[in-house]
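J.: Based on these hints, arrange chain V on the given structure of chain S.
Listed in order, the protein sequences are those of chains S and V. Counting along the first sequence from 1, when you hit position 39 you're at 412 in my numbering, and nothing is skipped either side. Counting along the second sequence from 1, when you hit position 80 you're at 102 in my numbering, and nothing is skipped either side.
Among the clues, some could well be false.
As the list claims (entries may be wrong) - Label-pair ranges, simulated between beta-carbon atoms: (1) Gln-390/S / Asn-78/V: 48 to 54 Å; (2) Glu-435/S / Glu-38/V: 44 to 50 Å; (3) Asn-401/S / Glu-38/V: 39 to 45 Å; (4) Lys-387/S / Pro-39/V: 46 to 52 Å; (5) Pro-480/S / Glu-33/V: 24 to 30 Å; (6) Lys-430/S / Thr-52/V: 21 to 27 Å; (7) His-41/V / Phe-385/S: 38 to 44 Å; (8) Leu-61/V / Thr-378/S: 17 to 23 Å; (9) Ala-87/V / Gln-429/S: 30 to 36 Å; (10) Pro-480/S / Asn-78/V: 27 to 33 Å; (11) Pro-29/V / Glu-442/S: 42 to 48 Å; (12) Asn-35/V / Ser-440/S: 47 to 53 Å; (13) Tyr-383/S / Thr-101/V: 25 to 31 Å.
Stated by the list, open to error - Partial list, derived from the structure: chain V residues whose beta carbon lies under 10 Å from chain S: (14) Tyr-58; (15) Gln-64; (16) Pro-66; (17) Tyr-68; (18) Lys-126.
Claimed, not checked - In silico PhoX-like links for lysine-lysine, alpha-carbon gap of 25 Å or less: (19) Lys-126/V / Lys-25/V; (20) Lys-456/S / Lys-126/V; (21) Lys-444/S / Lys-430/S; (22) Lys-430/S / Lys-456/S; (23) Lys-126/V / Lys-430/S; (24) Lys-129/V / Lys-25/V; (25) Lys-382/S / Lys-456/S; (26) Lys-382/S / Lys-444/S; (27) Lys-91/V / Lys-129/V; (28) Lys-443/S / Lys-430/S; (29) Lys-382/S / Lys-129/V; (30) Lys-443/S / Lys-382/S; (31) Lys-126/V / Lys-382/S; (32) Lys-126/V / Lys-91/V; (33) Lys-25/V / Lys-430/S.
If you're looking for bench data, these hints aren't it; they were derived computationally from the structure. A quick note: this is a predicted structure, and the numbers were derived from the prediction, not measured. Note that the Cβ used here is the ideal one computed from N, Cα and C, for glycine as well.
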Amino acid sequence: DGGITQSPKYLFRKEGQNVTLSCEQNLNHDAMYWYRQDPGQGLRLIYYSQIVNDFQKGDIAEGYSVSREKKESFPLTVTSAQKNPTAFYLCATGLSSGGPNEQFFGPGTRLTVL
Amino acid sequence: DAKTTQPNSMESNEEEPVHLPCNHSTISGTDYIHWYRQLPSQGPEYVIHGLTSNVNNRMASLAIAEDRKSSTLILHRATLRDAAVYYCILRDREGGSEKLVFGKGTKLTVNP
Chain S
374 DGGITQSPKY LFRKEGQNVT LSCEQNLNHD AMYWYRQDPG QGLRLIYYSQ IVNDFQKGDI
434 AEGYSVSREK KESFPLTVTS AQKNPTAFYL CATGLSSGGP NEQFFGPGTR LTVL
Chain V
23 DAKTTQPNSM ESNEEEPVHL PCNHSTISGT DYIHWYRQLP SQGPEYVIHG LTSNVNNRMA
83 SLAIAEDRKS STLILHRATL RDAAVYYCIL RDREGGSEKL VFGKGTKLTV NP
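Chain V with its partners taken away, still in its complex shape:
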């Protein structure tokens, strides 16, 4: 399984932008980069995904390095509700299973 590396924790202030980094140096050419987040005692929820180009949606932006060995999830204005564990995941398409391989993620704390 292709691995990702994320900082254990990050801290931000409310209404400031947050940049959450992820390294994935062993990414293969067909791996998609997905981000999920998990609020305390809840199931994860999808945030965004991309392949090669930067992506934007209503929740966040995803910036992907040109060599695809790293990416950054950008929350443009953090709110208290964004406090969660953020997981950077490469889609494993071996055998068509498309399972998600979760690491420990980055715990984001948002200060009021």
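Chain S extracted, bound-state conformation:
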């Protein structure tokens, strides 16, 4: 069963705690992305990685960190430095080359910081 797994679907944390969101894929895609979505808004790019052991900041990277130690996995850590972490977080994958290639999205994790 190919696809993108994000866990958990809902996550609650206390303010000041770091939290790590999981993203796993078995599509054999080189590129992986993390987006954040706030209510009624479009998605904004946090971080992306085009190859193992390499990643780049997106538009709103402050307060977040990532790692890409394996092709299949791209975990996102929301640190206590992120001022407003409550949001819907989406992981995506895609082929790293070629403008027409689509991105595939996971089901998302809804993070609520209390």
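T.: Chain V in isolation, oriented as in the chain S frame:
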């Protein structure tokens, strides 16, 4: 980033065609036009993309203006399952990142 402009919302009746417009007057020559849709509480899903010519697939058709400054996503017979937010996106190929730049999209309501 090249910008797109879409209506905030549109409404359609079931089994009727729907034309979702998108303006992208600052599109560059190598930008692809992509459409994604997002159902409530789900991740976006790819619908269709094109460069210069009109495109058809099992989900929809994409009509691209000759000057490429606008495009229209066409759902030939809307169903209740097509109710979603539709995003028109230009692929940003700066630095090879190919990130997707999402606007607010068009919320499509389909009436039974």
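J.: Now look at each hint and say whether the structure bears it out.
T.: Hints, one by one, checked against the model:
no., hint, in the structure
1, Gln-390/S / Asn-78/V: 48 to 54 Å, "holds, 49 Å"
2, Glu-435/S / Glu-38/V: 44 to 50 Å, "holds, 45 Å"
3, Asn-401/S / Glu-38/V: 39 to 45 Å, "holds, 40 Å"
4, Lys-387/S / Pro-39/V: 46 to 52 Å, "holds, 50 Å"
5, Pro-480/S / Glu-33/V: 24 to 30 Å, "holds, 27 Å"
6, Lys-430/S / Thr-52/V: 21 to 27 Å, "holds, 24 Å"
7, His-41/V / Phe-385/S: 38 to 44 Å, "holds, 42 Å"
8, Leu-61/V / Thr-378/S: 17 to 23 Å, "holds, 18 Å"
9, Ala-87/V / Gln-429/S: 30 to 36 Å, "holds, 33 Å"
10, Pro-480/S / Asn-78/V: 27 to 33 Å, "holds, 28 Å"
11, Pro-29/V / Glu-442/S: 42 to 48 Å, "holds, 43 Å"
12, Asn-35/V / Ser-440/S: 47 to 53 Å, "holds, 49 Å"
13, Tyr-383/S / Thr-101/V: 25 to 31 Å, "holds, 29 Å"
14, Tyr-58, "holds, 8 Å"
15, Gln-64, "holds, 6 Å"
16, Pro-66, "holds, 5 Å"
17, Tyr-68, "holds, 4 Å"
18, Lys-126, "holds, 5 Å"
19, Lys-126/V / Lys-25/V, "holds, 11 Å"
20, Lys-456/S / Lys-126/V, "holds, 23 Å"
21, Lys-444/S / Lys-430/S, "holds, 18 Å"
22, Lys-430/S / Lys-456/S, "holds, 17 Å"
23, Lys-126/V / Lys-430/S, "holds, 22 Å"
24, Lys-129/V / Lys-25/V, "holds, 18 Å"
25, Lys-382/S / Lys-456/S, "holds, 22 Å"
26, Lys-382/S / Lys-444/S, "holds, 22 Å"
27, Lys-91/V / Lys-129/V, "holds, 22 Å"
28, Lys-443/S / Lys-430/S, "holds, 18 Å"
29, Lys-382/S / Lys-129/V, "holds, 24 Å"
30, Lys-443/S / Lys-382/S, "holds, 22 Å"
31, Lys-126/V / Lys-382/S, "holds, 23 Å"
32, Lys-126/V / Lys-91/V, "holds, 19 Å"
33, Lys-25/V / Lys-430/S, "holds, 20 Å"
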